[in-house]
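Take the given structure of chain V and dock chains G and R to it, following the hints.
Chains as they are written, first to last, in our numbering: chain V, 1 to 345; chain G, 1 to 345; chain R, 1 to 345.
Think of the hints as simulated: they come from the structure by calculation, not from any bench.
Predicted, not measured: the structure shown is a model, and the values here were computed from it.
No more than 20 Å apart at the CA atoms, straight line, and that leaves these computed lysine to aspartate or glutamate pairs for EDC-like:
{"#": "1", "chain 1": "R", "residue 1": "LYS197", "chain 2": "G", "residue 2": "ASP266"}
{"#": "2", "chain 1": "G", "residue 1": "LYS341", "chain 2": "R", "residue 2": "ASP342"}
{"#": "3", "chain 1": "R", "residue 1": "LYS341", "chain 2": "G", "residue 2": "ASP344"}
{"#": "4", "chain 1": "R", "residue 1": "LYS54", "chain 2": "R", "residue 2": "ASP34"}
{"#": "5", "chain 1": "G", "residue 1": "LYS54", "chain 2": "G", "residue 2": "ASP66"}
{"#": "6", "chain 1": "V", "residue 1": "LYS334", "chain 2": "G", "residue 2": "GLU336"}
{"#": "7", "chain 1": "G", "residue 1": "LYS54", "chain 2": "G", "residue 2": "ASP39"}
{"#": "8", "chain 1": "V", "residue 1": "LYS333", "chain 2": "R", "residue 2": "GLU336"}
{"#": "9", "chain 1": "V", "residue 1": "LYS334", "chain 2": "R", "residue 2": "ASP327"}
{"#": "10", "chain 1": "R", "residue 1": "LYS341", "chain 2": "V", "residue 2": "ASP344"}
{"#": "11", "chain 1": "V", "residue 1": "LYS313", "chain 2": "V", "residue 2": "GLU303"}
{"#": "12", "chain 1": "V", "residue 1": "LYS197", "chain 2": "R", "residue 2": "ASP170"}
{"#": "13", "chain 1": "V", "residue 1": "LYS333", "chain 2": "G", "residue 2": "ASP342"}
{"#": "14", "chain 1": "G", "residue 1": "LYS334", "chain 2": "V", "residue 2": "GLU336"}
{"#": "15", "chain 1": "V", "residue 1": "LYS334", "chain 2": "R", "residue 2": "GLU336"}
{"#": "16", "chain 1": "R", "residue 1": "LYS334", "chain 2": "G", "residue 2": "ASP327"}
{"#": "17", "chain 1": "V", "residue 1": "LYS334", "chain 2": "R", "residue 2": "ASP344"}
{"#": "18", "chain 1": "V", "residue 1": "LYS54", "chain 2": "V", "residue 2": "GLU35"}
{"#": "19", "chain 1": "G", "residue 1": "LYS334", "chain 2": "V", "residue 2": "ASP342"}
{"#": "20", "chain 1": "V", "residue 1": "LYS333", "chain 2": "R", "residue 2": "ASP327"}
{"#": "21", "chain 1": "R", "residue 1": "LYS341", "chain 2": "V", "residue 2": "GLU336"}
{"#": "22", "chain 1": "V", "residue 1": "LYS333", "chain 2": "R", "residue 2": "ASP342"}
{"#": "23", "chain 1": "V", "residue 1": "LYS197", "chain 2": "R", "residue 2": "ASP208"}
{"#": "24", "chain 1": "R", "residue 1": "LYS341", "chain 2": "V", "residue 2": "ASP342"}
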Amino acid sequence: MSMTPPRTLRDVAAALGLEPPAQDLPIAALNTVDEAGPDELTFLANDRYALRLKSSRAGAALVPADFAGEAPMPLLRTPRPRIAFAQLLALFHPPRARRTGRHPTAIVAESASVGANVGLGAYVVVGENVRIGDGTTLHPHVVVYDDVTIGKDCEIHSHVSLREGISLGDRVSVHNGTVIGADGFGFEPDERGHLLKVPQVGTVRIDDDVEIQANSCVDRAALGATIVGTGTKIDNLAQIAHGCVVGKHAVICGQVGLAGSSIVGDHAMMGGQSASAGHIVIGARAKVAAQSGAMFDVPDGTEVGGSPAIPVKDALRAALFLPQLPDIARRLKKLERAFAKDQDA
Amino acid sequence: MSMTPPRTLRDVAAALGLEPPAQDLPIAALNTVDEAGPDELTFLANDRYALRLKSSRAGAALVPADFAGEAPMPLLRTPRPRIAFAQLLALFHPPRARRTGRHPTAIVAESASVGANVGLGAYVVVGENVRIGDGTTLHPHVVVYDDVTIGKDCEIHSHVSLREGISLGDRVSVHNGTVIGADGFGFEPDERGHLLKVPQVGTVRIDDDVEIQANSCVDRAALGATIVGTGTKIDNLAQIAHGCVVGKHAVICGQVGLAGSSIVGDHAMMGGQSASAGHIVIGARAKVAAQSGAMFDVPDGTEVGGSPAIPVKDALRAALFLPQLPDIARRLKKLERAFAKDQDA
Amino acid sequence: MSMTPPRTLRDVAAALGLEPPAQDLPIAALNTVDEAGPDELTFLANDRYALRLKSSRAGAALVPADFAGEAPMPLLRTPRPRIAFAQLLALFHPPRARRTGRHPTAIVAESASVGANVGLGAYVVVGENVRIGDGTTLHPHVVVYDDVTIGKDCEIHSHVSLREGISLGDRVSVHNGTVIGADGFGFEPDERGHLLKVPQVGTVRIDDDVEIQANSCVDRAALGATIVGTGTKIDNLAQIAHGCVVGKHAVICGQVGLAGSSIVGDHAMMGGQSASAGHIVIGARAKVAAQSGAMFDVPDGTEVGGSPAIPVKDALRAALFLPQLPDIARRLKKLERAFAKDQDA
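Next up, chain V with everything else stripped away, as it sits in the complex (with noise of 0.2 Å):
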């Protein structure tokens, strides 16, 4: 696709590979369905938003393939709308120039190797023996540990801590303030309850294209490794403790919580503030609805929610009729006495 952000409506379908729309117009930017003007295009990612796109003034829209009703604007068809979106928001809204270079404010060990066309921003401190990787972005603020290994291509934004030995793949995207590899809670009571530390000797993998948003926490294993694998993305104030596995291309949302040494598949997807007990299975491509808690294994491809967690349809529906509880004790109490009195007479 060309960087150059497309001015009308052929160019989109162009850059989309999509067929050429029989009348064109200018493309000014992209907005949502009620918010788009005359020379803007949006899109309509589902059916159920048809009826806004009737009174949409944008100038043009993206809709799915089998879109069947009406719309006062030109149309392009796609077989994924929401994809081919975002392709173009990325058209349009060209990231920000990368400032390459060391800021002299920037602490860097003499052991570091630090890669070509590399961004240190200022007051970035890189410990001992750090390899970072072409390409890769520190912003001002970031500091790293001893021993860390960063890829290519990484963006770490500002006060973000990566803590001694860690690594990351390529391409991975970390949001400010999250910590990456700080001690995994262990603590042993001794025999009068004091807290003795398991010291925490492990570390952290995450591989390539992962991305953290902000102000989350990947612990350090207290042996072996913390894994995040490829492609998995992460929210924001998400905690992953120590020994956690999560496979590839799972996604954990906002305010999640795995506790140690839980395993999350590939594919697999926790709602938001949803939590796993320590030591369990969230199976490939299973789902954990948002506020659940999964105390036992998850089996792929399943769903589960509340807590503890079941199976996501009896959840709803034991919650449907949660309301009804008081009146369901009233009635049994009542019939009970109605059939012992019918029995006693």
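What follows is chains G and R alone, placed relative to chain V:
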């Protein structure tokens, strides 16, 4: 109100615009009803604590205007003792002197515009085209990315990151470690289930008089703006996802999670660890109880609880009956059997 | 215990004060039961894993004194294998050498008092009247506001903010990004519903041997002090609100939220994502299960679960029956109808 701390009970009454007390006495400090000594003033927020006031050693007490109980010390009556006490705290504990001027280690882009009487602490980094209003303080180690606008009389604490292009109104306080404007969590799976990043090209707008506590995250919108309205207060470790619109004078307690594009009305209250699903509306003056999860719209002025959330009275009543559920199941089975036997007979 | 790593099984036994084993062999490292090789020592914490020990390739194993199972390798018996293993981890992985001395970029107020053998990392900022005890380490980018007291042999990691006037005891560890002493969340609505800030003029006191993991928040009290008692451990992303008093040797797991003025007793345990309502007492040695919410006092030594929390056995039994609720509702209705029909007949 004068900024000199009051020294006697009459000074206190004068500062609050209340009737002078019959009896005067020195007041050296403010304290809680249990801890206050003979030269300290305490307050009674509601009649529940009247007994504790009776045994308090406080020299004097602020009480509600209609307080009918007994108390061993002189009383000042006011319709809102909590408000009056908060005002007195500000008088007895004037804020620490602000440091103005630019610390020699603060790095400020030449294109940035810095108002009068601004304080820029050690190791502050201010990017290109940033505008900072008069009287604002940036504590040490604040990082301001390019194109940010900060209003007048703001206070931004250490280790806060303000990301590219976001804006803060006047008198905004942001506590340590909070991140405003990191990318929203937007990814689209392609046909292999790999997650394509949806560029987050929107921004964040924080309006006047907002206070955000420590280590919270307000994400930038995918398109348009994530908004936090005038006077709203957000506690620690809260997550405001991309595209949320929080109204005016709302209260977002600690560890709350708002999923993408949630709308929270004016004066609404989200209890600690509560959450909203994406794209829903929490109405004006609505309340979401602690730990509950609003999956659907919450009408104005109503209160919900539970996960998924239902009207809070229903949730509490159901919770009350929940421990009886095993017994209900057992009794129902017994009754079914007895009835069947009776029918057979 | 000597600080030289043991090299053989006899060295290990000697270091732990155990009987020398009949058979000696070289021990190069420690590892988990599944990962350990022939020159590595593993441990068996409880009999549940006895089968895995049987198939382990480990050269030797630490087992409970009363272990009765079979194992293919030499065994060292000890009453507390977990404690012994933690002690060995410390021997095999001596902590990295601390950096002492003041990095030239550390900014320390002249009025600050810094003990002997203190390490102040790059870009550390230390405010007025701060006192730092002997042997304490501040990693790069720690910010210490004015009037803070830090004890001896503390370790404070990068991007920690210690706010004005708070105090830490001796041997306190604080991991990256944690904020101690930010304002409590105190606001009073005025007659228009605008939120007036209640000045938070109290402080925080962290006692000896406390460890707080990453990105947690301990707020300053409105009046008086928020306290964390000796030996207590707090995991990542926890929220300790203003005025809380946490006892000694308590365990606060990840993402726990303590609302204002909660009291947590000695040796109490709060599971991950659990919470307390404000002004309640969690008793000594009490346990609050993961994700549950204590709305009322929890007596000493008891365990609660659910939200709102009830005795944990009741909560688990109710959860077990919850999926039956729709069926119970249906059967009750059926029985009511059958009984009514029977009565009519």
